[in-house]
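Undergrad: Spelled out from the first residue to the last, the chains are:
There are 2 protein chains.
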Amino acid sequence: MTHSVQLLGISNAIVDVLAHVEDDFLKDIAAVPGSMTLIDKDQARELYGKMGPATEMSGGSVANTVAGFANLGGTAAYIGKVKADQLGTIFNHDMRSLGVDIRLKAAAKGAPTARSHVLITADGQRTMQTYLGACLELCLADITPTTIGTPKAMLLEGYVWDIAEGPALAEKAAEIARSNGTAVALSLSDSFCVERHRDLFANFVRDHADMIVADEEEVFALLGTNSIDEALEALQDFDKLFAVTRSEQGSVIVHKDVKIVQAASQVEELIDTTGAGDAYCAGFLFGWANDRSLEYCAKLGTYCATMVIQQLGARIEPGLLDDFESR
Amino acid sequence: MTHSVQLLGISNAIVDVLAHVEDDFLKDIAAVPGSMTLIDKDQARELYGKMGPATEMSGGSVANTVAGFANLGGTAAYIGKVKADQLGTIFNHDMRSLGVDIRLKAAAKGAPTARSHVLITADGQRTMQTYLGACLELCLADITPTTIGTPKAMLLEGYVWDIAEGPALAEKAAEIARSNGTAVALSLSDSFCVERHRDLFANFVRDHADMIVADEEEVFALLGTNSIDEALEALQDFDKLFAVTRSEQGSVIVHKDVKIVQAASQVEELIDTTGAGDAYCAGFLFGWANDRSLEYCAKLGTYCATMVIQQLGARIEPGLLDDFESR
Numbered sequence: 001m002t003h004s005v006q007l008l009g010i011s012n013a014i015v016d017v018l019a020h021v022e023d024d025f026l027k028d029i030a031a032v033p034g035s036m037t038l039i040d041k042d043q044a045r046e047l048y049g050k051m052g053p054a055t056e057m058s059g060g061s062v063a064n065t066v067a068g069f070a071n072l073g074g075t076a077a078y079i080g081k082v083k084a085d086q087l088g089t090i091f092n093h094d095m096r097s098l099g100v101d102i103r104l105k106a107a108a109k110g111a112p113t114a115r116s117h118v119l120i121t122a123d124g125q126r127t128m129q130t131y132l133g134a135c136l137e138l139c140l141a142d143i144t145p146t147t148i149g150t151p152k153a154m155l156l157e158g159y160v161w162d163i164a165e166g167p168a169l170a171e172k173a174a175e176i177a178r179s180n181g182t183a184v185a186l187s188l189s190d191s192f193c194v195e196r197h198r199d200l201f202a203n204f205v206r207d208h209a210d211m212i213v214a215d216e217e218e219v220f221a222l223l224g225t226n227s228i229d230e231a232l233e234a235l236q237d238f239d240k241l242f243a244v245t246r247s248e249q250g251s252v253i254v255h256k257d258v259k260i261v262q263a264a265s266q267v268e269e270l271i272d273t274t275g276a277g278d279a280y281c282a283g284f285l286f287g288w289a290n291d292r293s294l295e296y297c298a299k300l301g302t303y304c305a306t307m308v309i310q311q312l313g314a315r316i317e318p319g320l321l322d323d324f325e326s327r
Numbered sequence: 001m002t003h004s005v006q007l008l009g010i011s012n013a014i015v016d017v018l019a020h021v022e023d024d025f026l027k028d029i030a031a032v033p034g035s036m037t038l039i040d041k042d043q044a045r046e047l048y049g050k051m052g053p054a055t056e057m058s059g060g061s062v063a064n065t066v067a068g069f070a071n072l073g074g075t076a077a078y079i080g081k082v083k084a085d086q087l088g089t090i091f092n093h094d095m096r097s098l099g100v101d102i103r104l105k106a107a108a109k110g111a112p113t114a115r116s117h118v119l120i121t122a123d124g125q126r127t128m129q130t131y132l133g134a135c136l137e138l139c140l141a142d143i144t145p146t147t148i149g150t151p152k153a154m155l156l157e158g159y160v161w162d163i164a165e166g167p168a169l170a171e172k173a174a175e176i177a178r179s180n181g182t183a184v185a186l187s188l189s190d191s192f193c194v195e196r197h198r199d200l201f202a203n204f205v206r207d208h209a210d211m212i213v214a215d216e217e218e219v220f221a222l223l224g225t226n227s228i229d230e231a232l233e234a235l236q237d238f239d240k241l242f243a244v245t246r247s248e249q250g251s252v253i254v255h256k257d258v259k260i261v262q263a264a265s266q267v268e269e270l271i272d273t274t275g276a277g278d279a280y281c282a283g284f285l286f287g288w289a290n291d292r293s294l295e296y297c298a299k300l301g302t303y304c305a306t307m308v309i310q311q312l313g314a315r316i317e318p319g320l321l322d323d324f325e326s327r
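Chains A and B are the protein sequences, given in the same order.
Going by this note's numbering, the first sequence runs without a break in its numbering and finishes at 327.
Going by this note's numbering, the second sequence runs without a break in its numbering and finishes at 327.
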């Protein structure tokens with residue numbers, strides 16, 4: 001099987017609305033610092049009315065990974081639902097301008113393109129309040145052999161399970177992938193998301209996923225443990241490739257009886273922590289898609305994450321691979 | 001006369017679409033580095049298709065000044081035309097969140113909200129290609145004693161003269177202002193704009209304007225000279241208050257027989273030059289509106305400009321006045 005692209009991402013297509021806020025702002029809206037909360041249209045309107053001036057840029061967890069993968073020089077495609085409105089145009093433009101093949105047409109009707117209100121506090125932490133809008137209308141009919149194609153790897157994000165037809169379309173996508181020899185990767189999104197869908201995730205990991213990219217908290221939520229040693233031991237019992245990020249404690253890749261422990265890199269100035277996991281995932285999968293060793297995947301993932309937290313914006317910039325190779 | 005607000009701005013309401021580009025990109029689209037060019041809808045679509053991923057944020061020259069004035073702690077209002085679309089919502093939100101009183105309702109019909117494609121080259125210079133969209137629909141009917149109110153100062157930008165009814169609405173606004181004891185200020189926008197409308201600007205300065213804020217090139221274009229000494233001498237013949245910015249050569253305030261020469265400040269790291277003139281104008285007018293000395297106006301204007309070129313984004317941040325006062 002020839003692969004049309006190296007990576008296909010399926011995820012929530014979101015435009016970020018970024019603003020700096022005081023810590024008290026989070027208290028006022030009763031938001032847990034660092035969390036991602038889903039809000040409806042009215043809540044979004046109310047929240048936006050309270051927020052200060054903002055900057056808009058394309059976001060979304062796996063969408064960031066796909067953009068980063070393309071910026072590393074990989075070939076990529078994307079399935080996510082936007083409306084044909086101004087934010088949808090922005091989202092698709094930003095993807096296409098990186099060479100990402102957008103597989104769905106923007107919807108003429110329905111809810112507006114999703115936005116995530118990203119509230120950045122002085123410590124560089126992001127708290128997200130997300131209105132999913134058009135994302136919720138991603139449906140089974142959007143997932144076909146034509147839209148999936150024959151990628152080398154397909155990456156889904158946990159947030160897809162928040163969509164009504166999400167669990168079913170993830171199954172369908174995985175089945176199409178399987179029949180094409182496409183590897184199936186899952187990014188666990190966030191620990192609250194894992195708690196919302198723990199059993200479904202456990203089944204998907206068991207039945208469909210070849211690779212799982214997650215941070216430590218997400219793995220804990222999936223396995224119902226709080227011990228990293230216990231978790232890593234448990235992961236060795238699966239016949240899967242796990243990449244587990246641990247913030248300043250680096251990352252661990254677990255593949256059956258192999259465990260690769262990668263230390264974190266020195267950070268000169270922390271600007272904005274989020275996007276780190278998505279960038280790690282981009283680097284990890286880029287290495288994997290290019291048949292590099294797992295050590296290389298770990299090192300490139302770490303490098304991508306380290307770079308992205310030292311800039312404002314969750315997507316890694318072009319030229320990063322050259323910098324990595326010439327370290 | 002009690003003034004409802006200190007400053008009312010009338011200008012093109014624009015959302016900036018910012019992207020970093022190579023120098024060659026400007027050559028490909030035949031753009032003069034540092035210039036602002038007006039483009040139509042089709043040109044905008046074509047240009048955007050060529051551009052890389054972008055960041056969106058509220059912009060517009062005098063709109064930046066009004067936002068900065070509000071962030072300094074001044075009371076402000078704004079007249080500019082947006083459509084009730086997503087970019088229009090963003091523009092109005094960002095203004096209102098600073099306490100700026102938006103005087104016009106977003107239009108339900110007509111052209112979409114304006115956007116300026118801001119192409120940033122490695123030297124920090126910005127080249128702008130602007131699709132005016134809804135701005136072009138600002139009309140005489142929008143300018144009434146109710147929408148103008150009774151501000152202490154009213155600031156127009158030269159770009160307003162690019163609108164079909166612009167010259168007429170500027171006259172009407174100036175007449176309403178005059179009857180209210182509102183001072184009329186004019187920002188000359190850019191030297192190409194001055195060349196487009198030189199005679200109309202000369203008449204407006206003579207008949208209506210009390211204050212003119214401009215950079216050296218704009219003054220040269222207005223007066224038809226290339227000598228700063230000649231220009232400053234000529235300005236002394238007007239019974240007007242001129243604030244002339246000269247980049248790294250500082251600024252000069254000219255008011256009849258008084259000339260205040262202010263040196264530029266040390267810049268640690270130049271990030272992005274544009275917004276400097278708008279920020280200067282905000283500081284200058286904030287000093288003026290608070291009955292401070294012209295020296296104070298010059299110093300605060302310079303401080304605002306110096307700060308804004310050391311950040312990404314054309315609008316000055318809150319807290320700047322405290323930093324200025326406690327230098």
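Hints were generated in silico from the structure; no laboratory data involved.
Among the hints, a few may not be true.
Because identical chains share one entry, a pair is satisfied inside a single copy or across any pair of copies.
Said to hold, decoys possible - SDA-like mimics (lysine to any residue), calculated; alpha carbons at most 20 Å apart, straight line: (1) Lys259 with Thr121; (2) Lys259 with His20; (3) Lys256 with Ser191; (4) Lys41 with Glu137; (5) Lys109 with Leu140; (6) Lys41 with Ile163; (7) Lys172 with Ala264; (8) Lys109 with Asp85; (9) Lys50 with Asp40; (10) Lys41 with Asp85; (11) Lys27 with Ala106; (12) Lys259 with Ala111; (13) Lys41 with Glu22; (14) Lys109 with Ala84.
Undergrad: With reference to the structure, classify each hint as holding or not holding.
TA: Hints, one by one, checked against the model:
no.	hint	verdict
1	Lys259 with Thr121	neither (36 Å within a copy, 44 Å between copies)
2	Lys259 with His20	neither (39 Å within a copy, 40 Å between copies)
3	Lys256 with Ser191	neither (23 Å within a copy, 68 Å between copies)
4	Lys41 with Glu137	within (15 Å within a copy, 30 Å between copies)
5	Lys109 with Leu140	within (17 Å within a copy, 35 Å between copies)
6	Lys41 with Ile163	within (16 Å within a copy, 36 Å between copies)
7	Lys172 with Ala264	neither (37 Å within a copy, 64 Å between copies)
8	Lys109 with Asp85	both (10 Å within a copy, 15 Å between copies)
9	Lys50 with Asp40	within (16 Å within a copy, 35 Å between copies)
10	Lys41 with Asp85	both (16 Å within a copy, 16 Å between copies)
11	Lys27 with Ala106	neither (36 Å within a copy, 32 Å between copies)
12	Lys259 with Ala111	neither (45 Å within a copy, 58 Å between copies)
13	Lys41 with Glu22	neither (24 Å within a copy, 39 Å between copies)
14	Lys109 with Ala84	both (8 Å within a copy, 17 Å between copies)
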